[in-house]
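**Q** Heads up: the protein sequence lines correspond to chains A and B, in order.
The first sequence runs 1 to 357 under the numbering used here.
The second sequence runs 358 to 714 under the numbering used here.
You may find that some hints are simply not true.
[To be verified] Capping the alpha-carbon separation at 25 Å, the derived lysine-lysine pairs in PhoX-like fashion look like this:
| # | chain 1 | residue 1 | chain 2 | residue 2 |
| --- | --- | --- | --- | --- |
| 1 | A | 259 | A | 225 |
| 2 | B | 655 | A | 315 |
| 3 | A | 254 | A | 244 |
| 4 | A | 46 | A | 9 |
| 5 | A | 46 | A | 244 |
| 6 | B | 593 | B | 619 |
| 7 | B | 621 | A | 315 |
| 8 | A | 315 | B | 468 |
| 9 | A | 315 | B | 577 |
| 10 | A | 315 | B | 619 |
| 11 | B | 672 | A | 200 |
| 12 | A | 200 | A | 247 |
| 13 | A | 187 | A | 341 |
| 14 | B | 672 | A | 298 |
| 15 | A | 298 | B | 527 |
| 16 | A | 262 | B | 672 |
| 17 | B | 487 | B | 422 |
[Claimed, not checked] The calculated label-pair distances, taken between Cβ atoms and stated as ranges, are:
| # | chain 1 | residue 1 | chain 2 | residue 2 | range |
| --- | --- | --- | --- | --- | --- |
| 18 | B | 527 | A | 175 | 35 to 41 Å |
| 19 | A | 175 | B | 692 | 16 to 22 Å |
| 20 | A | 210 | B | 370 | 34 to 40 Å |
Everything labelled a hint here was simulated from the structure, so no lab data went into it.
This structure is a prediction, so every number in the text was calculated from the model and none was measured.
In this text, a Cβ means the ideal position worked out from N, Cα and C, and glycines have one as well.
Read off the chains here:
2 protein chains.
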Amino acid sequence: MKRDIYFLKKTLELAKRAEGHTSPNPMVGAVILKNNKEISCGFHKKSGKPHAEIEAINNARINIKGATLYINLEPCCHFGRTPPCVDKIIESGIRRVVIATLDPNPVVHGKSVSKLKKAGIKVSVGCFSKQARRLNEVFFKNMEAKRPFVVVKLAQSLDGKIAAAGGESKWITGEHARKFARKLRDKYDCVLVGINTVIKDNPRLNGVKKNPYKVVIDPKLRIPKDAYILKNDSQKLIIFASTKAKKKSLKNTKVFFIKEEKGKLPVKEILSILNQHGITSVFVEGGSCTAANFFEEKLVDKVHFFIAPIILGGKSALTSIGGQGLSLRDCPEVSELRIEKIGQDMLITGYPYYDKK
Amino acid sequence: MKRDIYFLKKTLELAKRAEGHTSPNPMVGAVILKNNKEISCGFHKKSGKPHAEIEAINNARINIKGATLYINLEPCCHFGRTPPCVDKIIESGIRRVVIATLDPNPVVHGKSVSKLKKAGIKVSVGCFSKQARRLNEVFFKNMEAKRPFVVVKLAQSLDGKIAAAGGESKWITGEHARKFARKLRDKYDCVLVGINTVIKDNPRLNGVKKNPYKVVIDPKLRIPKDAYILKNDSQKLIIFASTKAKKKSLKNTKVFFIKEEKGKLPVKEILSILNQHGITSVFVEGGSCTAANFFEEKLVDKVHFFIAPIILGGKSALTSIGGQGLSLRDCPEVSELRIEKIGQDMLITGYPYYDKK
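Bound conformation, chain A alone (with noise of 0.2 Å):
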């Protein structure tokens, strides 16, 4: 058991290898171990490339014939961009499977470990499935909820302020807390603002390695024509206007009209669009009224507070979540929370969940 423990905790480090470049896949890594000895590791390094245990298998120098294998992720059993794995396992003569959480995709879910049990191998599954589960919590929130990954990011003063009462926003995070969250973007498939955070800060919302897509919501089509975003990075910019906006023609950008609903753009929608277009995650960087839209619609799956370790005050000052609002008992509660301090600011990072006892 403690054993188990060991090489699980080890696949998630190998799979972690490869955050920011398997998406729409999981991040999965497989170990062998053949008379308690490890012999093989693998992980999946892209999407496209070979699933973890075909590495782990093909790394083997000596035959594996009898050994465990250990993997995350249920192994897939259909045929993708790759042949299924579950057939290159039987064929192994892999003796038994230690899997921490079962595939959410319904076209695998406990198939694979049906096949593999059907075929005299020996399958455990569950240990170490809630770490496992966090690891590809992009994936499973695809494949259980049908739609992208929501993480909400915001930087505000000890006091819950994103602006000073005169308006300055520039910067209440320091230069390490900054940096943290560009590096953040590596992580999503797309960032997302609205309008009026492109209007008064014109920013650039790349990663540190990556060119992530940008989605606006821009319910009147407002968007500068000198805005940043759209002149360097047309391609890469996804809009979403009310079905009432008077349209215009933004080369090489995607724009859609959808209908509001309460004079909002409804952002479950927009998410459903997105989800479409292949976005499986999406970072919201605000303002204040956008990340409180999809906090108001229970929208929200992950959130990181970076806060500055200053005072701001102001009752007309911007706060860091507006809108309507929540009520005590309505509002989420923030779960598995972490603290850290990034330079000299803190960032607490954590799961809201909306159903309380």
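Position chain B against the provided structure of chain A, taking the given hints into account.
**A** Frame of chain A, contents of chain B only:
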């Protein structure tokens, strides 16, 4: 040197045993060492009772001639409620005195050290002084700034709200945090709130072990007749009203009428009056506007932010620190941050400072 730190640390621990009981005196502890062995110790138990060094000298069961005295604050050299400790130290035959920090009281400051040296005693000062000053932060502020030490305590959501958009504020934080906050009241001479908090919440404002003074900023003298603190605790109640307020007789309760400045009662004058009446520390518990007044006047020495892991949202929801607000340039930065978990909530403690580079 290492030994000096060890025993000075011990003096702080001893001193702290009387926390909440020595006001307006500082907390002081003393240890006596002879031939590298601790032979006695003591601490100042209560204002009017013997000072720590006298306790330690009296507690010694062997002759202390030639011994070393460790103490976290410079001994006194004046007649207060007890005779000068310096003379007693000289008489005792102690050969070395190790002092963490000088007494900020101008009547004593450095004078006792000179007197000890003149008597041929070896004196070391300054090791562990930062910690020693922090222990007696109230006393040092009183002496150096001639005003009470001001602590602001808040209970807010992650996004800085002290009430939901609908007005509910009971409760933002959990039971553990609320109990912890009540315990904090025991450390200070009075609890201060704005009249809106009294009207809205009708609080008792008591500590766990102590019944501190209650101070209410009530410009128009609107305090309800049946307010708990007026009805049950009038002798411990101090009200500040505007000179423009309609006079009202409030039996047993001290009411100070002061002149408004820019439409507000100036908190600087309130602190000055409290200081004159022997109040050494003020625990400000809100609301939003009252806390802001102290921040805007740069009169907050310490903050306790209790943060509940919930997200309330709401552009119009009450923010923890309201008022006019400060610019990024003028706003205080909070230093010496300490982050703790209290039940399901977080507590961020620190010291605001206003002079940024």
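**Q** Each hint needs a verdict: does it hold in this structure or not?
**A** Now the hints, each set against the structure:
1. A:259 x A:225: OK: residue 259 of chain A and residue 225 of chain A at ~24 Å, within 25 Å.
2. B:655 x A:315: The given pair, whose Cα atoms are some 18 Å apart, holds under the 25 Å limit.
3. A:254 x A:244: 17 Å, holds
4. A:46 x A:9: Status holds; Cα separation ~21 Å.
5. A:46 x A:244: 41 Å, violated
6. B:593 x B:619: 29 Å, violated
7. B:621 x A:315: Holds, because 16 Å separates the two Cα atoms, which is no more than 25 Å.
8. A:315 x B:468: Not satisfied, since the Cα-Cα distance of roughly 49 Å exceeds 25 Å.
9. A:315 x B:577: 22 Å, holds
10. A:315 x B:619: Roughly 17 Å separates the two Cα atoms, so the pair holds.
11. B:672 x A:200: 18 Å, holds
12. A:200 x A:247: Roughly 22 Å separates the two Cα atoms, so the pair holds.
13. A:187 x A:341: 20 Å, holds
14. B:672 x A:298: Given that 25 Å is the threshold and the Cα spacing comes to 18 Å, the pair holds.
15. A:298 x B:527: Satisfied, since the Cα-Cα distance of roughly 23 Å is no more than 25 Å.
16. A:262 x B:672: Cα-Cα ~17 Å, so holds.
17. B:487 x B:422: 30 Å, violated
18. B:527 x A:175: 35 to 41 Å: 40 Å, holds
19. A:175 x B:692: 16 to 22 Å: Cβ of residue 175 of chain A to Cβ of residue 692 of chain B: about 18 Å, so the range 16 to 22 Å holds.
20. A:210 x B:370: 34 to 40 Å: 53 Å, violated
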